[in-house]
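Student: Here is how the chains run, residue by residue.
There are 6 protein chains.
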Amino acid sequence: MRPSGRNLSQMRPISIETGVMAHAEGSCLIRVGKTHVLCTASLEETPPRFLKGTGLGWVTAEYGMLPRATNTRNRREAAQGKQSGRTQEIQRLIGRSLRAGVDRSALGERQITIDCDVIQADGGTRCASITGGWVALRLAVNKLLKAGAITSDPIMDHVAAVSCGIYAGQAVLDLDYAEDSEAGTDGNFVLTGAGRLIEVQMSAEGATFSRDQMGQLLDLAEGGMADLVAAQKAAVA
Amino acid sequence: MRPSGRNLSQMRPISIETGVMAHAEGSCLIRVGKTHVLCTASLEETPPRFLKGTGLGWVTAEYGMLPRATNTRNRREAAQGKQSGRTQEIQRLIGRSLRAGVDRSALGERQITIDCDVIQADGGTRCASITGGWVALRLAVNKLLKAGAITSDPIMDHVAAVSCGIYAGQAVLDLDYAEDSEAGTDGNFVLTGAGRLIEVQMSAEGATFSRDQMGQLLDLAEGGMADLVAAQKAAVA
Amino acid sequence: MRPSGRNLSQMRPISIETGVMAHAEGSCLIRVGKTHVLCTASLEETPPRFLKGTGLGWVTAEYGMLPRATNTRNRREAAQGKQSGRTQEIQRLIGRSLRAGVDRSALGERQITIDCDVIQADGGTRCASITGGWVALRLAVNKLLKAGAITSDPIMDHVAAVSCGIYAGQAVLDLDYAEDSEAGTDGNFVLTGAGRLIEVQMSAEGATFSRDQMGQLLDLAEGGMADLVAAQKAAVA
Amino acid sequence: MRPSGRNLSQMRPISIETGVMAHAEGSCLIRVGKTHVLCTASLEETPPRFLKGTGLGWVTAEYGMLPRATNTRNRREAAQGKQSGRTQEIQRLIGRSLRAGVDRSALGERQITIDCDVIQADGGTRCASITGGWVALRLAVNKLLKAGAITSDPIMDHVAAVSCGIYAGQAVLDLDYAEDSEAGTDGNFVLTGAGRLIEVQMSAEGATFSRDQMGQLLDLAEGGMADLVAAQKAAVA
Amino acid sequence: MRPSGRNLSQMRPISIETGVMAHAEGSCLIRVGKTHVLCTASLEETPPRFLKGTGLGWVTAEYGMLPRATNTRNRREAAQGKQSGRTQEIQRLIGRSLRAGVDRSALGERQITIDCDVIQADGGTRCASITGGWVALRLAVNKLLKAGAITSDPIMDHVAAVSCGIYAGQAVLDLDYAEDSEAGTDGNFVLTGAGRLIEVQMSAEGATFSRDQMGQLLDLAEGGMADLVAAQKAAVA
Amino acid sequence: MRPSGRNLSQMRPISIETGVMAHAEGSCLIRVGKTHVLCTASLEETPPRFLKGTGLGWVTAEYGMLPRATNTRNRREAAQGKQSGRTQEIQRLIGRSLRAGVDRSALGERQITIDCDVIQADGGTRCASITGGWVALRLAVNKLLKAGAITSDPIMDHVAAVSCGIYAGQAVLDLDYAEDSEAGTDGNFVLTGAGRLIEVQMSAEGATFSRDQMGQLLDLAEGGMADLVAAQKAAVA
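Residue numbers (the UniProt record's numbering), protein chains in the order written: chain A, 1 to 237; chain B, 1 to 237; chain C, 1 to 237; chain D, 1 to 237; chain E, 1 to 237; chain F, 1 to 237.
Please note that the accuracy of each hint is not assured.
Intra- or inter-copy, both count: the list cannot distinguish identical chains.
Unchecked claim - Result set (DSS-like, lysine-lysine): computed pairs, CA atoms no more than 30 Å apart in a straight line:
{"id": "1", "residue 1": "Lys34", "residue 2": "Lys146"}
{"id": "2", "residue 1": "Lys52", "residue 2": "Lys82"}
{"id": "3", "residue 1": "Lys233", "residue 2": "Lys52"}
{"id": "4", "residue 1": "Lys143", "residue 2": "Lys233"}
{"id": "5", "residue 1": "Lys233", "residue 2": "Lys146"}
{"id": "6", "residue 1": "Lys233", "residue 2": "Lys34"}
For the record, the hints were derived by calculation from the structure and aren't laboratory data.
In isolation and in its complexed conformation, chain A is listed as follows (with noise of 0.2 Å):
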């Protein structure tokens, strides 16, 4: 009954790329099924201003989409002089998410800067975001840690998110963009390797919703998880 002829609480194949741009300290291009999202990890070697003689570092995320990652063409942000609304709540939501686990202290004064930068939109485009801003920052990560820069990990747990909804009545799992122009509700959740909650976002969009289908759509995102955190452990390895 999908579109895509997927069962209610199946994934849509996950891919992530690592080392795909050469100057970045950590980069992923993440692809879960026809949504596909280049990340990238910038490493400065100091905080944002508000940061300084604290001891503790900052990351943080910016997000965008290629004027033709969609159906019909959008104008680019850059030339219209500004970020729309909806870029800026993505962009919030993914470095939130990020720095819930992140161990500020052990990273010290310093800032990572997470690019997600869509080059393929088939819906869950801020999920994907999250799930490869994860990869990319791990390997950044790393590259601090085997350099000696940082000697305790402030990685503290793997960091993935996913979307659910209701959609044609049903609580389905990873909405694609076909089931998401549908869907009457929708929800983004974040959650750790260990099953922890960093973000739930649910809106009605069309049709309210009970407490029952909230709790179906976070049964579907927990069981999501194991396919996300199996990718990005993949990819690290």
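Knowing the structure of chain A, use the given hints to seat chains B, C, D, E and F on it.
Tutor: Positioned in the frame of chain A, the structure of chains B, C, D, E and F alone reads:
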């Protein structure tokens, strides 16, 4: 143990004063403790361009904060030349939440803009904006009904919101600023009068959370709704 | 013959409520008829850069208007990405006027920002902003004096403002919106408590004016000052 | 006692050279002492949108200053991405002043834009812009009359402007930069050829002023008008 | 003697992979050594406004660079709120170059936008954008031809580009970043498949150049075109 | 056969009037036919930040055009809130060209900004800006030399520019607007007094060109340089 001396499941005092703006089709000043938000509804008899000819109406929202609503003065967004990511995120949430309680077909091809301007801030401004914004919307729609411009009520139910969080290890209802700035996890919950969910936004701010804690916060939010809806009813009576 | 039924030389009722903002060093809500402006004074213990090392302080002002302060909704300046020419002109006037009543050497190297936000507009918002802004400034300076941060009072006199105009061929005091939008000539007058002039701005809006008419308007303004200064005195007593 | 050695009531030399721009419908270079402003009138045969169908025309103005018109280089407003508050205030004044001398019904549904670009600045640039702007406008309207596009002259009278101020305790006419930067009070006066007032803008810059002083400045301005109108007449003859 | 060990007249390896974007009417990923650019063609069936009713079509281009395409991270232009002068210069060049190879009358009243997004940069990004942009354009036009939307081919010839420069005193073909940053003179050459010139842009970056040197660079560019056109032919075959 | 009646290799009359701006360290008004550009050099005794401590100076340029420099009025860039791509491209070219003639080490850690403001445009404004900009620069540097601030002359040679193009099938020197808007190919050539090349920019505007034509245009440019350099020499003598 709460800075305000409230019980864990106790809301701050709520007051909603209507008709505070001479020109608006609907208006109220909502006070949730020391958080004060002025909400107005402005009616336009033409819909936004993308709805021309669809028979559907639109409800949208804008959010602002007076520079000295807060403890230290914030730079005025108009002077900075743009709305912050936070502002855009909030006003998108308010608009989405209110639309979830509206039958846009019954509203017809017109637009109602809800302006939520924070006069004084002490935590929970987005939730107070939604709760007060609904009152302004209700009053503006009442005018349309009374004037015979529309014949069936497009407002399907109450919409109200409250924040909850884990403060000092305990789940508490209706965070004020002192709590919000210390809470490890916080959430915003938008519900209908009938208890259906419209938006759930939970974030780990420093501490991840469990599914159990999520349930506790939601329990508290459901409890707080009674007070909010009662205040709305009294205001629009 | 005036739409409001007032005499030619009659001010609208003035009320100034102080202490309306919990966080500001000084604040008031000034009501001149149906024109309502919220004025706050925010103190910073460092002066603007161009005054560093001069021993002089600074008083500046910002002005805004809620979108639905007026009969039809105005676009929010923060959303438009810039302050209009009118807004900038008004806030420059407020700052200049208030500085004219301050001994900046006695104030010392600190800055006080006066925010004037129009909650409801019915003509004369810039004048109400100056009159109310002075009250907020007075209260903030009182705090500095009481705390012993400054020893001699930098406020040299009251500063207040009123508009006058030629309406239906007659000189009238304190134009409301109905008059202002029809007046052939109008003027804004800023004076000290002792009757010295700070700013005179008269414009032919449709009809040029004579020196005699200019004198009549100034006479009216001088008369109106008594009410304004009395209201200020009562407010800060 | 004036830096320039002028008498208290002596204007700087005025010269107005017309036809300096090959493309404009009307143009002049006005020199008031060392203040040089290039003024052009550009005609469009359609009015601004808000006047469509009203039968009325529009006159508007824009103001700019070359970066090195002044003693130290100013940042180019185009590079900064916005016009300063001062620029907007001035161009609004120029437009308002020139419109006060025009019968917009006789002009008909067309728009004339007056560009005033300060080539060199030595005080009084806004006044020179108004005086020169009127000449450019006069020349453009002459073309319309000559071509038979309009049949009755929409220009009702000369419009010109001059600044006066209290310098070293004395009222002086036509402030240059050395005086302007020291003057305790200054004012800009826009008058018609017949001596009617269009705009009066007086500001206490450091010293408040009396009604008597206001009268003295206005006396001086009225005196200066003779020279300005004579120069305009010679230019457009 | 070249950092890469290439001969003076040797291009870097060129690869052009087509069909890389699911949604675009035409797309390719061009790799010239370590410079990788994603090029897409987006078709709109309406022309820009200035061409309405002329029977002519339009080809335009936009250029961007991922923040970490380069050795150190560049600020995202969308976040900065504007495209740099360099970006605008490059995208104007790409658009102009591609239009020079198109019969806009045969294209008819439609618009094709070529987006060139640099994934990884190692010198020569504008040249790779032109070469790859032509492939995306070719593929989009092929679709139009196949669909019968146009009947005669509007593409008159291949368009490709290469940079040359004086590096360490010698004329070299196809500068990479290491060479480009040291070259005293460099040039960009856009040619047609038949060897006609479209754009020549040569700049003295530190060292002026002679007419002879200009000839040498042009010789090299003509030589490089064979490889570029061959790669284009293979890609679109 | 040229609209102006000039020979194919004939420049328009050139005049360069120096000392036209009272405040600038160097200034001239250059007239090339009906193209008039005001060029000023502004000296700052501190270099841009990226050169601090390097011992090197900087020469940069900004370009603007009065709104009515052209046949129909252009929108003022300051009012639009940004400089166009064309403007940025031109001012980058002017700065690059002038720097190519300067020994930045001899200039020392200071910055000279060349402002080129087009008063009237009839084609070739960027070339006139470079030619006139060099004169302003030369005069400012002369002041530094005379004052003993620098001891060896940082200006290595004259820098001047001219445009050429294929008009009506023939190569012609110094295009005016009537020719420029019709030319199939045009080019801008920046040369030193000794005939070395600094910039060559040739574009096919509607018609591609051959290497032979490129040579013809360069021949013409070299011929035109004699007149330009002679005019510069006369101006700075």
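Student: Each hint should be assessed against the structure and marked as holding or not.
Tutor: Against the structure, the hints:
1. Taking identical chains as interchangeable, the C-alpha atoms of lysine 34 and lysine 146 lie at most 30 Å apart only when they sit on different chains, with a minimum of 26 Å there against 34 Å within one chain.
2. Both within a single protomer and between protomers do lysine 52 and lysine 82 lie at most 30 Å apart by alpha-carbon distance, with minima of 29 Å and 27 Å respectively.
3. In this assembly of identical chains, the alpha carbons of lysine 233 and lysine 52 never lie at most 30 Å apart, being 33 Å within a copy and 47 Å across copies at closest.
4. Proximity of lysine 143 to lysine 233 under the C-alpha cut-off of 30 Å is restricted to the intra-copy arrangement: shortest distance 17 Å within a copy versus 42 Å between copies.
5. For the identical chains of this complex, lysine 233 and lysine 146 are intra-copy neighbours only, at 18 Å inside a copy versus 46 Å across copies, given an alpha-carbon limit of 30 Å.
6. Taking identical chains as interchangeable, the C-alpha atoms of lysine 233 and lysine 34 lie at most 30 Å apart whether they share a chain (21 Å) or sit on different chains (28 Å).
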